[in-house]
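Asker: Sequence:
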Amino acid sequence: MKPLLTVQEVSELFKVHSMTVYRWIKNGKLSAVKIGREYRVAQEVVEKHFHAGPEYKETVNINKPFTLSAVLKKSEHIMALVTDSESLLQLELDFMDTGLAKGARLFKSCWWQDPDDFRSLASAQWTDLEALEAKGQLVIKDLRRLYQERGIAAAALSWTKELSNAFDLGFSQLWGSGSPNASCFTNGLPELLAFESYLNSILAGQPIVAICPYLGTLSRAEELELSRHHTGILVFSDQKNKALFRCQSRIG
Numbered sequence: 009m010k011p012l013l014t015v016q017e018v019s020e021l022f023k024v025h026s027m028t029v030y031r032w033i034k035n036g037k038l039s040a041v042k043i044g045r046e047y048r049v050a051q052e053v054v055e056k057h058f059h060a061g062p063e064y065k066e067t068v069n070i071n072k073p074f075t076l077s078a079v080l081k082k083s084e085h086i087m088a089l090v091t092d093s094e095s096l097l098q099l100e101l102d103f104m105d106t107g108l109a110k111g112a113r114l115f116k117s118c119w120w121q122d123p124d125d126f127r128s129l130a131s132a133q134w135t136d137l138e139a140l141e142a143k144g145q146l147v148i149k150d151l152r153r154l155y156q157e158r159g160i161a162a163a164a165l166s167w168t169k170e171l172s173n174a175f176d177l178g179f180s181q182l183w184g185s186g187s188p189n190a191s192c193f194t195n196g197l198p199e200l201l202a203f204e205s206y207l208n209s210i211l212a213g214q215p216i217v218a219i220c221p222y223l224g225t226l227s228r229a230e231e232l233e234l235s236r237h238h239t240g241i242l243v244f245s246d247q248k249n250k251a252l253f254r255c256q257s258r259i260g
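Its first residue numbered 9, the sequence shown is counted upward by one per residue in my numbering.
The reader is advised that the hints may include incorrect statements.
[To be verified] Subject to a maximum C-alpha distance of 35 angstroms in a straight line, what follows is the list of computed DSBU-like cross-link-like pairs (lysine-lysine): (1) K37 <-> K81; (2) K110 <-> K169; (3) K143 <-> K110; (4) K81 <-> K34; (5) K82 <-> K143; (6) K169 <-> K143; (7) K169 <-> K82.
[Said to hold, decoys possible] Okay, the calculated beta carbon distance ranges per label pair: (8) P198 <-> S83: 23 to 31 angstroms; (9) A162 <-> K37: 37 to 45 angstroms; (10) G159 <-> T14: 31 to 39 angstroms; (11) E230 <-> A50: 12 to 20 angstroms; (12) A161 <-> A132: 28 to 36 angstroms; (13) E141 <-> A229: 34 to 42 angstroms; (14) S83 <-> K37: 25 to 33 angstroms; (15) A50 <-> K143: 51 to 59 angstroms; (16) G44 <-> A202: 19 to 27 angstroms; (17) W134 <-> A161: 27 to 35 angstroms; (18) R236 <-> A161: 14 to 22 angstroms; (19) E17 <-> A142: 48 to 56 angstroms.
Hint data in this document are derived by calculation from the structure and do not stem from the laboratory.
Beta carbons are placed, not taken as given, at the ideal position from N, Cα and C, and that holds for glycine.
Please construct the entire structure, taking both the sequences and the accompanying hints into account.
Answerer: Here it is, written out as structure tokens:
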């Protein structure tokens, strides 16, 4: 049986004030049991409502999905859930096209993807990939190797290093994509969470739009944990990368 969570624990998971959770409970939007003078919420209820609660996500009608250009902000470290590796690649290319149209420098951080394999797959649809790399508007790095050689901090700090390089080249913004997963790290999920947490802290307020695509094989608990270290979550419906909705993380 999964545990019962306190109101404070629920508020921390959803990045809202505890009074908001009390309001959800009193309005019947979140089921809870009262033990003594305190409410408790079953973990199953939290997991069920993570993508469904009307107050703790920004959503759109499923028949009118929105695109990347409409949803991404000027400073972002967002998590994206996709169904398969083909959709993931297409999302990354669409994301880079959007950044390119805005005149940003592009950064592709490779984890489970081999950099040369990514180049080969991407160049089939993106014919100017080599030209963009040659003039410094696109950089592709093997962050898994960097992590293995120098650790979590070095892998995360490569993002701010590339932002500094972008400034030196005359760009005002960096758009980057990276798709880590637990298997990329020696200690699995705990180390992945540590990486995303540190990355989230150093990207905050920077002119960086970062997207972290994850295949839709995560458990609800893993989604919740990872969402705490991102500015939000995008959920996509198909290979055309039309987002069904955005869940907004609220910091503080």
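Asker: Each of the hints needs a verdict: does it hold here or not?
Answerer: Taking the hints in turn, this is what the structure says about them:
1. K37 <-> K81: The given pair, whose Cα atoms are some 29 angstroms apart, holds under the 35 angstroms limit.
2. K110 <-> K169: holds (21 angstroms)
3. K143 <-> K110: holds (17 angstroms)
4. K81 <-> K34: holds (33 angstroms)
5. K82 <-> K143: Holds. K82 to K143 sits at ~24 angstroms (cutoff 35 angstroms).
6. K169 <-> K143: Holds, at roughly 18 angstroms.
7. K169 <-> K82: holds (18 angstroms)
8. P198 <-> S83: 23 to 31 angstroms: holds (27 angstroms)
9. A162 <-> K37: 37 to 45 angstroms: Distance hint for A162, K37 holds at roughly 44 angstroms.
10. G159 <-> T14: 31 to 39 angstroms: holds (35 angstroms)
11. E230 <-> A50: 12 to 20 angstroms: Since the Cβ atoms of E230 and A50 sit about 18 angstroms apart, the hinted range of 12 to 20 angstroms holds.
12. A161 <-> A132: 28 to 36 angstroms: This hint holds: roughly 35 angstroms between Cβ atoms.
13. E141 <-> A229: 34 to 42 angstroms: Hint holds: Cβ distance 39 angstroms, inside 34 to 42 angstroms.
14. S83 <-> K37: 25 to 33 angstroms: Roughly 30 angstroms apart at Cβ, these two residues keep to the hinted range, so it holds.
15. A50 <-> K143: 51 to 59 angstroms: holds (55 angstroms)
16. G44 <-> A202: 19 to 27 angstroms: 36 angstroms Cβ-Cβ, so the 19 to 27 angstroms window is violated.
17. W134 <-> A161: 27 to 35 angstroms: 31 angstroms Cβ-Cβ, so the 27 to 35 angstroms window holds.
18. R236 <-> A161: 14 to 22 angstroms: The hint (14 to 22 angstroms, Cβ to Cβ) holds, given that R236 and A161 are roughly 19 angstroms apart.
19. E17 <-> A142: 48 to 56 angstroms: holds (51 angstroms)
Comparing the model with each numbered hint stated earlier shows that hint 16 is the single one that does not hold.
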